[in-house]
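Generate the whole structure from the sequences, applying the supplied hints.
2 protein chains.
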Amino acid sequence: MKETAKETSKEKKFMDWFTEILQTAEIYDYRYPVKGCGVWLPYGFKLRELTLKILRELLNETGHSETLFPLLIPENMLQKESEHIAKFEEEVYWVTRGGLNDLKVKYALRPTSETAIYPMFSLWIRSHRDLPVKIYQVVNVFRYETKTTRPIIRVREVMSFKEAHTAHATKEEAEKQVEEAVQIYSKFFDKLALPYLILKRPEWDKFAGAEYSIAFDTIMPNGKRLQIGTIHYLGQTFSKPFEIKYEDVNGQQKYVYQTCYGISGRPIAALIAIHADERGLTLPPNIAPIQAVIIPIYTKENREKVMGYCKEVFSLLKDNGFRVKLDNAEDETPGSKYYKWELRGVPIRVEIGEREVEKSEVTVFRRDKLERRSVKRGEIIGELKKLEKEIHLNLKERAWGKMREKIRLTRTLREVIKTVEEGKIAMAPWCGKNSCIKEIENETGFNVLGTPLNVEPPAENCFNCQKEAEKIIYIGKSY
Amino acid sequence: MKETAKETSKEKKFMDWFTEILQTAEIYDYRYPVKGCGVWLPYGFKLRELTLKILRELLNETGHSETLFPLLIPENMLQKESEHIAKFEEEVYWVTRGGLNDLKVKYALRPTSETAIYPMFSLWIRSHRDLPVKIYQVVNVFRYETKTTRPIIRVREVMSFKEAHTAHATKEEAEKQVEEAVQIYSKFFDKLALPYLILKRPEWDKFAGAEYSIAFDTIMPNGKRLQIGTIHYLGQTFSKPFEIKYEDVNGQQKYVYQTCYGISGRPIAALIAIHADERGLTLPPNIAPIQAVIIPIYTKENREKVMGYCKEVFSLLKDNGFRVKLDNAEDETPGSKYYKWELRGVPIRVEIGEREVEKSEVTVFRRDKLERRSVKRGEIIGELKKLEKEIHLNLKERAWGKMREKIRLTRTLREVIKTVEEGKIAMAPWCGKNSCIKEIENETGFNVLGTPLNVEPPAENCFNCQKEAEKIIYIGKSY
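Chains as they are written, first to last, in my numbering: chain A, 1 to 479; chain B, 1 to 479.
Calculated directly from the structure, the hints in this document are not laboratory data. Since the structure is predicted, the reported quantities are computational estimates derived from the model, not experimental observations. Keep in mind that a hint or two might mislead.
[What the hints assert, rightly or not] Each computed DSSO-like pair below joins lysine-lysine, with the alpha-carbon atoms no more than 27 angstroms apart: (1) Lys224/B / Lys147/B; (2) Lys46/B / Lys53/A; (3) Lys13/A / Lys35/A; (4) Lys53/A / Lys467/B; (5) Lys106/A / Lys147/B; (6) Lys406/B / Lys471/B; (7) Lys318/B / Lys359/B; (8) Lys104/B / Lys35/A; (9) Lys106/A / Lys87/B; (10) Lys325/A / Lys134/B.
Shown next, in the form of structure tokens:
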């Protein structure tokens with residue numbers, strides 16, 4: 001599919017806005033002198049850390065252990081599983097020189113870590129007592145992207161790939177692990193107030209080496225699908241070439257069953273783009289690097305009084321566990337401070353001037369709804385804690401609402417095409433045969449996103465062949 | 001210098017022990033199929049995280065902001081500062097291929113990040129109001145080591161390089177920053193209970209691009225110096241080629257003054273080797289992944305009673321913020337559990353059997369002194385908190401004592417040589433002329449480690465030329 005001039009211009013406008021706001025909000029600077037590589041700035045780094053913390057907690061409390069594997073993968077390891085290398089050989093960066101010498105063995109920069117981790121699994125796993133193994137790591141991974149790169153969204157160095165790898169004695173246990181991963185990722189995206197579809201990918205779009213792949217997709221403001229997480233059932237695809245065997249209770253050697261699942265930096269791109277408005281970011285309070293900013297409003301005459309009160313409120317918030325900042329810069333007006341912190345998405349602003357001091361209250365502004373109200377001093381903590389929950393809920397509901405508006409039920413091929421061309425995602429009843437969807441992908445350049453899990457077959461006919469529908473299929477444009 | 005057969009065998013024995021204990025204590029598995037690369041195992045990963053946490057806190061509270069820069073450095077950036085590239089060109093891994101294509105521009109895997117970070121500094125720094133800039137990152141860095149690699153100690157992928165980079169308006173401020181860095185690193189190593197020397201490196205051993213380099217060295221059990229941290233005053237070496245300029249208060253364009261300082265994974269290697277005894281690791285309580293392990297000792301008859309009491313003690317410790325494990329494995333004897341947790345360096349063991357339940361107490365074993373005593377139930381928390389401090393202090397004093405024993409004051413060249421050949425570090429009065437020390441390094445293969453900061457000139461003569469001494473110099477063998 002060729003994009004129309006209008007579409008190209010729309011996409012460019014969105015990407016210009018996105019790239020610009022990442023930089024002005026001090027999240028990520030994309031001017032690094034290597035294509036597809038950027039720098040996480042201090043404020044963005046904290047956002048990234050707070051986001052990572054949530055996922056780490058979810059993984060740790062479900063029995064995953066964090067580890068760290070090397071970046072370099074020897075060529076012969078990367079090649080051990082044939083489907084895997086077939087998919088990745090066009091996307092891998094190769095280290096071929098060390099110092100002034102050519103290396104005898106080429107090393108791949110990991111595009112993902114199956115072939116780095118599984119040789120170690122084969123050393124570690126001996127007996128059924130060693131199973132299950134559930135590990136994860138947070139690392140940089142590399143893809144030699146030939147498509148147009150996009151800050152955070154499509155990069156050549158993914159700077160915090162969170163990948164989990166598990167090994168199990170039986171198929172059933174491994175498939176149960178897939179379900180657990182779906183639960184974990186759902187909770188994670190809920191905590192980022194992000195809406196998502198959980199879709200089983202079509203055969204031709206599954207992970208290289210997987211028996212099947214389940215993906216979390218969200219929809220960006222411009223209507224494009226963004227994949228934000230994937231979960232793969234690997235079966236014994238890797239355990240056989242990598243010789244990952246265990247002795248079962250009867251003393252028999254068996255190959256393990258495996259799963260893996262990963263999330264890149266994209267959820268941060270999604271939450272920035274999806275929760276933003278014309279003033280800039282709006283961050284969910286639980287991951288906002290600054291949850292509340294206090295802005296003093298004073299004249300020469302009442303400066304001391306106002307600042308004193310601000311400091312008291314600051315200590316009160318800090319002591320109660322809020323990530324709070326008192327913006328006491330002398331050379332900026334309150335208005336310019338409002339502008340700056342709204343741009344960066346601080347969810348709560350506390351304004352304090354003469355009136356607030358006199359009445360022993362504060363003025364609270366919520367970033368998501370742009371609403372102001374007065375709060376009595378004695379009630380600040382309770383009100384702000386309540387407000388944080390309200391903001392989170394509002395962001396989440398608003399985002400889910402926006403996503404639903406971008407999905408349309410379609411019943412014919414014509415409707416599907418019209419819907420996607422309008423910048424929406426088409427949801428259509430489908431007979432279940434690949435022939436009915438593969439041809440669309442080939443002819444239109446749209447993406448077949450997949451089928452939702454655990455959904456009853458609709459009592460309708462296939463949008464394409466008009467035979468009885470067995471599934472629902474999603475089709476749209478994609479990053 | 002050629003090593004004698006005896007030395008080689010001693011070193012091999014130490015390294016065999018070290019490699020083995022890293023694996024059996026589940027810190028780091030060196031069997032990864034790329035030379036000089038290993039895997040951080042879950043227990044080791046936690047140790048690494050707790051260690052990082054301490055350094056992050058020290059850096060954050062002194063106004064450093066954490067960031068994250070790309071791994072790949074374009075060849076032309078790496079080459080911008082001539083001394084820098086001259087030093088690193090033999091040690092750098094090069095990415096030359098992407099997918100099936102040769103790249104037009106070669107990328108270096110960062111050996112350190114000056115040339116990745118400073119192009120961005122030149123974009124960020126405009127005015128004196130932007131200064132100082134104090135940032136850091138924790139990243140993987142790469143060296144194509146041609147010397148024998150050693151797990152954690154000399155690797156090809158340093159998996160957690162903690163590097164800080166600062167920019168200042170004046171020389172004075174930059175040199176003050178060097179002092180701050182010395183303070184920060186001193187506190188960091190104190191918290192790891194590690195002994196250290198703070199030495200200004202000789203001219204020929206400073207960092208490529210630095211005006212001078214200050215290093216933290218510790219001494220390993222085999223008498224070899226291990227560099228565990230370095231601090232560099234860069235002056236304007238990099239700010240000129242990278243065009244990092246600011247407008248001063250008078251509107252004039254000036255180049256910034258810079259510093260950088262870094263710590264690799266080596267402190268963990270040091271604390272493992274230095275605090276260990278014949279039973280295995282001994283970890284300082286503040287960084288131990290498990291601070292106290294509870295071992296139940298029961299028979300079939302009293303199992304329920306003993307386990308109930310163990311669980312109560314477990315909850316008590318957990319609620320009071322201890323990282324505690326109750327080892328309730330059914331298929332291991334208490335003795336084998338003792339062995340396992342002693343090997344892994346858990347600083348406190350709590351033994352609970354019939355007697356302890358009856359007398360409403362616990363038996364506490366401290367790993368460092370291998371001593372046991374009874375503690376009344378009501379006093380557990382207070383006693384364990386006290387004990388943690390005592391263990392830390394004891395490990396620190398013991399380690400400092402051991403280091404001092406390995407340093408000998410020497411007054412003649414003969415004494416220096418004899419001392420170093422005995423596996424010790426020689427400390428000698430020195431006239432200050434490079435000719436007196438450079439020749440030693442060349443002739444013996446020993447390393448001149450450097451001169452201590454802020455030490456009065458000794459009232460002695462130079463160990464080599466016998467002229468009046470101006471400084472103290474340290475000489476030894478080195479990793």
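CA of Lys318/B to CA of Lys359/B, is that 27 angstroms or under? holds, 22 angstroms
Between Lys106/A and Lys87/B, is the straight-line Cα distance small enough, at 27 angstroms or below? holds, 24 angstroms
Pair hint Lys104/B and Lys35/A, alpha-carbon separation not exceeding 27 angstroms: Holds, because 12 angstroms separates the two Cα atoms, which is no more than 27 angstroms.
When you check the alpha-carbon spacing of Lys13/A and Lys35/A, does it fall within 27 angstroms? holds, 20 angstroms
Hint check: Lys406/B vs Lys471/B, CA-CA at most 27 angstroms. Holds or violated? holds, 20 angstroms
Compare the distance between the alpha carbons of Lys53/A and Lys467/B with 27 angstroms, and conclude whether the hinted pair is satisfied. Violated, at roughly 60 angstroms.
Hint consistency between Lys224/B and Lys147/B [alpha-carbon to alpha-carbon, up to 27 angstroms]: Satisfied, since the Cα-Cα distance of roughly 16 angstroms is no more than 27 angstroms.
Lys106/A and Lys147/B were given as a pair; does the straight-line alpha-carbon distance stay at or below 27 angstroms? holds, 20 angstroms
Hinted pair, alpha-carbon criterion (27 angstroms max): Lys46/B, Lys53/A. Please report holds or violated. holds, 14 angstroms
With a cut-off of 27 angstroms on the C-alpha distance, tell me whether Lys325/A and Lys134/B pass. holds, 19 angstroms
Checked against the numbered hints given earlier, this structure breaks only hint 4.
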